[in-house]
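**Student:** Taken in sequence, the protein lines are chains A and B. According to the working numbering, the stretch in the first sequence is residues 1 to 730, in order. According to the working numbering, the stretch in the second sequence is residues 1 to 74, in order.
Hint data in this document are derived by calculation from the structure and do not stem from the laboratory. Check before you lean on any hint, since a few could be wrong.
To be verified - The calculated lysine-lysine pairs, modelled on BS3-like cross-linking and capped at a C-alpha distance of 30 Å, are: (1) B:K19 - A:K4; (2) B:K39 - A:K271; (3) A:K421 - B:K4; (4) B:K19 - A:K479; (5) B:K19 - A:K196; (6) A:K251 - B:K73; (7) A:K122 - A:K133; (8) B:K20 - A:K479; (9) B:K7 - A:K122; (10) B:K73 - A:K122; (11) A:K271 - B:K7; (12) A:K196 - B:K20; (13) B:K73 - A:K421; (14) B:K20 - A:K260; (15) B:K19 - A:K389; (16) B:K19 - A:K122.
Being a predicted model, the structure only gives us computed values, none of them experimental.
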Amino acid sequence: MSIKIALAGNPNCGKTTLFNYLTGAKQHVGNWPGVTVDKKEGTYRKNKSVKVLDLPGTYSLSPYSAEEIIARDYIVKERPDVVINIIDGTSIERNLYLTLQIIETKVPMVIAVNMEDEMKLKGITVDYDKLSKKLGIPVLPIIARKGTGVIELIDAALVVAEKAGIPNELSLFDENINAALEKLLPILHGQNENEKTWKAIKLLESDEVVLATIPAAAREKVKAIIDTADKNADGDVEAKIADLRYQYIAKIVKESVKKKSEKHIETVSDKWDKILTNRILALPIFAVIMFLMFEITFGSSFIGIGAWLQSIVCDFWDGPFTEAVLTGLENLGAATWLLSLFGDGILAGLGGIISFLPQILILFLLLSVLEDTGYMARVAFVMDRIFRKFGLTGKSFIPLLMGFGCSVPALMAARTLENDKDRRITMMITPFMSCGAKLPIYLMFIGTLFDEKYRTITLFGVYFLGIGVAILSGIILNKLIKSDSVSHFIMELPEYRLPTIKSVLIHGWEKIKGFAVKAGTVIFASTILIWFLASFNVGSFNGENAKINDDGSILCEMDDSFLASAGNGVKVIFMPLGFGDNWRPAVGVVTGWIAKENIVATFSQLYADETVIDAYIDTLTEKEIQEKELLDDNDKVDPDAAAEAYDEALMEGVVDLPALKGPREEGGFDRLTAWSFMAFNLLCMPCFAAVGAMRRELGTWRRTLQAIGFQMLTAWIVAFLIFQIGNLFL
Amino acid sequence: MTLKEVKIGESCVVTSLGKKGVARRRIMEMGVTPGVTVKVIKVAPFGDPIEVNVRGYELSLRKSEAEQIIVEKV
Numbered sequence: 001m002s003i004k005i006a007l008a009g010n011p012n013c014g015k016t017t018l019f020n021y022l023t024g025a026k027q028h029v030g031n032w033p034g035v036t037v038d039k040k041e042g043t044y045r046k047n048k049s050v051k052v053l054d055l056p057g058t059y060s061l062s063p064y065s066a067e068e069i070i071a072r073d074y075i076v077k078e079r080p081d082v083v084i085n086i087i088d089g090t091s092i093e094r095n096l097y098l099t100l101q102i103i104e105t106k107v108p109m110v111i112a113v114n115m116e117d118e119m120k121l122k123g124i125t126v127d128y129d130k131l132s133k134k135l136g137i138p139v140l141p142i143i144a145r146k147g148t149g150v151i152e153l154i155d156a157a158l159v160v161a162e163k164a165g166i167p168n169e170l171s172l173f174d175e176n177i178n179a180a181l182e183k184l185l186p187i188l189h190g191q192n193e194n195e196k197t198w199k200a201i202k203l204l205e206s207d208e209v210v211l212a213t214i215p216a217a218a219r220e221k222v223k224a225i226i227d228t229a230d231k232n233a234d235g236d237v238e239a240k241i242a243d244l245r246y247q248y249i250a251k252i253v254k255e256s257v258k259k260k261s262e263k264h265i266e267t268v269s270d271k272w273d274k275i276l277t278n279r280i281l282a283l284p285i286f287a288v289i290m291f292l293m294f295e296i297t298f299g300s301s302f303i304g305i306g307a308w309l310q311s312i313v314c315d316f317w318d319g320p321f322t323e324a325v326l327t328g329l330e331n332l333g334a335a336t337w338l339l340s341l342f343g344d345g346i347l348a349g350l351g352g353i354i355s356f357l358p359q360i361l362i363l364f365l366l367l368s369v370l371e372d373t374g375y376m377a378r379v380a381f382v383m384d385r386i387f388r389k390f391g392l393t394g395k396s397f398i399p400l401l402m403g404f405g406c407s408v409p410a411l412m413a414a415r416t417l418e419n420d421k422d423r424r425i426t427m428m429i430t431p432f433m434s435c436g437a438k439l440p441i442y443l444m445f446i447g448t449l450f451d452e453k454y455r456t457i458t459l460f461g462v463y464f465l466g467i468g469v470a471i472l473s474g475i476i477l478n479k480l481i482k483s484d485s486v487s488h489f490i491m492e493l494p495e496y497r498l499p500t501i502k503s504v505l506i507h508g509w510e511k512i513k514g515f516a517v518k519a520g521t522v523i524f525a526s527t528i529l530i531w532f533l534a535s536f537n538v539g540s541f542n543g544e545n546a547k548i549n550d551d552g553s554i555l556c557e558m559d560d561s562f563l564a565s566a567g568n569g570v571k572v573i574f575m576p577l578g579f580g581d582n583w584r585p586a587v588g589v590v591t592g593w594i595a596k597e598n599i600v601a602t603f604s605q606l607y608a609d610e611t612v613i614d615a616y617i618d619t620l621t622e623k624e625i626q627e628k629e630l631l632d633d634n635d636k637v638d639p640d641a642a643a644e645a646y647d648e649a650l651m652e653g654v655v656d657l658p659a660l661k662g663p664r665e666e667g668g669f670d671r672l673t674a675w676s677f678m679a680f681n682l683l684c685m686p687c688f689a690a691v692g693a694m695r696r697e698l699g700t701w702r703r704t705l706q707a708i709g710f711q712m713l714t715a716w717i718v719a720f721l722i723f724q725i726g727n728l729f730l
Numbered sequence: 001m002t003l004k005e006v007k008i009g010e011s012c013v014v015t016s017l018g019k020k021g022v023a024r025r026r027i028m029e030m031g032v033t034p035g036v037t038v039k040v041i042k043v044a045p046f047g048d049p050i051e052v053n054v055r056g057y058e059l060s061l062r063k064s065e066a067e068q069i070i071v072e073k074v
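Given the sequences, and given the hints that come with them, work out the whole structure.
**Tutor:** Written as C-alpha cells, this is what we have:
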C-alpha cells in the first residue's frame, strides 16, 4: 500500500530542493488540471511505496492565487497520508502562519525546519522539542541542500502517517470567534466531517471560494453570523483572525526561538542587495547580466555556448541524419513525394523544433540560476514603477526582454506573473519584441532596397516600432481587458542564495520537456500542412504532374501549388498595405509562420533564379568558394549548395535580390512597402512554435485565438498606417 | 502616519490596516499585523516600490499599498 506525502511550505523555503533530494530523477512534472501550475510528483528514492507530491509554494491557504487553491484543495480534499510542512528557519514567524492553517485542516503533519546553516549565520536557534510540544506536532531540523536530517524526517513522517494522528486543535481564537464557529458548524451539516472546522474558519475569513459552496438558502444565515462576529471584533473579524494567529505565533516563538539580537542584522545577502538595487548601479549591472545571458545563448563569441550547441545539433540533423533517413527510404523505393514529405516536411519540421532546443535549454538554465539566486525578484522590484505606466508590472520585464531573443522561452517565462490580466497582456505583446528570427527579414530588405547609410537607422527603427507598439498595446489592453483582481506587488524578496547545480538542471529540464511536447506538436503539424500546400496542386491528384515531371513525381513547383493559389486568393487583404498586388508576399507571410526566417528562403525561391545565384557566385573569390564547400566531385559549382549559400548571404544582407525591387504587380517592393511588410511580419502572429507556447501558457484555445487576433489586427493596422500615410508624403 | 511616509532606515509599529480586500488580507498574511515592527530598508531606483523588513524577512510593497497601513513611530 503506498503512502502519500505532500510537501507544503512558503515559496523559497527549500521545499523543491527537498523534493529533488527525495525523488532524484524519479519525478514527473505534469499540470494541475485547468491551470498552468506545475504538478510535481515523484517516488522516494529509498522506498518505492512512498509517493511524494510537491505542492506549489504558498504563504497561506486563502485563495490569493491558483497556487493557494491547489495546495489547499489537495490537502483538504485528497487528504494525503501526511503533510511535511517545510519552514524556512530564517523567517519562522511568517512561515508558521501557513503551519497554523494546515493544522486547521486536520491532516497528519510533520514540520521540517530548513536552512539550519543560514539560521546560524543570523544567530537564530530553535528549541525543536519545545516548539514541537507547543504545536503538538513533530518538529525536526534539516538542511535540504545537503540532505542533512532528511532520513530522520521521512522516518518521522512515515510514523505519523501510519498512526494517522490528527494534530491537536490549538486554542488561539477568542470567545467571539469560537462562538461564531460553533454557530457555523450546524450549517455545514452534511459536508465532509473532516472539512467542517476548516471551512467554518474560512467562512469567517470571507473566503469567496468556500462561501460559494454553501447552498444559496443558507447564505443569508452565514452572512448574519459573520456580521455579528465582525461587530464584536472591532468591525473586522477577518483581520482579527490573522491578528490572533500572529499573536499566537509570537508567543510560541518567544518561548522556543532564540535570536541573538532582535534588531535587524545586516547579512552578506543584504550587502549584495545594496549593490544590485543601488540607485545608480542597478540598471547598468542588470544590462551587463542580460548582455552576458544573450551572448551565451545566442552569440557567436567564445562564450556563445547556445549557438555552438545549436550548430552541432543542426549539422548532425540536417546532414548525416537526414541523409541517412532519405537514403534509407530511397533504397526502399520510396516515391518522390514521400521523400519530399520526409525531407522537406517531417524532418525539416522536427528539425525546426530540435534546432530550438539547445538554445532554449541554455536560456532556461541561465534564467533558473537567476531565479534561484533571488535576483529576478529584484529585477521586477526595480522595473515595477516604469512598467506600471504601461499597464504592466515589474515582473513583465523579463519575458519582454527575452522576447528579443526568442518568443518561445519568453512566453514561458511569463508564468511568474500571478495576476491573470498582467500575464495575458504581457504574453500578447511579447512577440512585438522583435525576435532573432525576424532579423534576416529586415536584413534582406535593407540589403536590397536601402542605401548603406540608412541601414543601421532603419534596423533600429523597426525594433523601436515593435517596442512602441508594445507600449501602446499594453496601455490599450489594460483598458480593454476586465479583471476582478487588482494587480499587487506584495512580494517577498528572498535571501540571495547560491543555487545547487542539481536544482538548476532539474528546473531547466522540466521547462524544456513541457515545451517540446506541447509546442512541438503544433509546429510539427503546421510544417507538414504547409509543406503539403506548397508542394501539391490539382495536378498531383489527376495524374498531370506525373506526366509533366522528368522524374514522374506528383509534386509541383511552389509557383503552381495550392499555397500559391491560396496566396492569390488572400492577397487582396494586403492591398491596402501595399503588397497585395501579387501572391508572392502573401505566401511569404504564411511560410513565416513556421519560422520567421523562412520568409527569406521563400523569397529566394520565389524571386531568385539561376542568373541571380550565378551572379552571386561570381562575386566570390576562389578561397571563399572552397570555404563554403560549393564544389562537387567534378570541381564544378553544385547548384543546390550555391542556392543555399545565396540564401545565407541574403539573410545577412550582403547580397541583393533584384526581383524584390521589381514592379508591384510582380510582387516587387519599394522602400515604403518594404517598411509596411516588415512591420506586418514583426507584429503579426508569431511562428507556430510561439503559438504553441502561447497556447500552453494561456491555457485555452479561446485565449490563444484572442491573442493571435489581436496581433493580426495590430499588424494590419500599423502596416496600413505606414503605407497610407507614407503615400501621402511621397 | 502611514507606512508610505516612513523614511528609509526608520522603524515603526503598525497600528491598523486599511479597508477589507484581497490586498489587506495578503499583507496581513505576510506578517504585517497590528503591533508588529516594520523597518523601511530602501526604495527602488525609480521611486516605487519600497522594501521593508518585517518578522525577519524582506517584503516589497508599492507605495499605494503602503499607504493603507497606519503606523506609529518607534
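**Student:** Work down the list of hints and note, for each, if the structure agrees.
**Tutor:** Hint check:
{"no.": "1", "hint": "B:K19 - A:K4", "result": "violated, 41 Å"}
{"no.": "2", "hint": "B:K39 - A:K271", "result": "holds, 17 Å"}
{"no.": "3", "hint": "A:K421 - B:K4", "result": "holds, 26 Å"}
{"no.": "4", "hint": "B:K19 - A:K479", "result": "holds, 25 Å"}
{"no.": "5", "hint": "B:K19 - A:K196", "result": "holds, 28 Å"}
{"no.": "6", "hint": "A:K251 - B:K73", "result": "holds, 23 Å"}
{"no.": "7", "hint": "A:K122 - A:K133", "result": "holds, 24 Å"}
{"no.": "8", "hint": "B:K20 - A:K479", "result": "holds, 25 Å"}
{"no.": "9", "hint": "B:K7 - A:K122", "result": "holds, 25 Å"}
{"no.": "10", "hint": "B:K73 - A:K122", "result": "holds, 26 Å"}
{"no.": "11", "hint": "A:K271 - B:K7", "result": "holds, 20 Å"}
{"no.": "12", "hint": "A:K196 - B:K20", "result": "holds, 25 Å"}
{"no.": "13", "hint": "B:K73 - A:K421", "result": "violated, 37 Å"}
{"no.": "14", "hint": "B:K20 - A:K260", "result": "violated, 36 Å"}
{"no.": "15", "hint": "B:K19 - A:K389", "result": "holds, 25 Å"}
{"no.": "16", "hint": "B:K19 - A:K122", "result": "violated, 35 Å"}
In summary, the structure is inconsistent with hints 1, 13, 14, 16 from the numbered list given earlier, while agreeing with the others.
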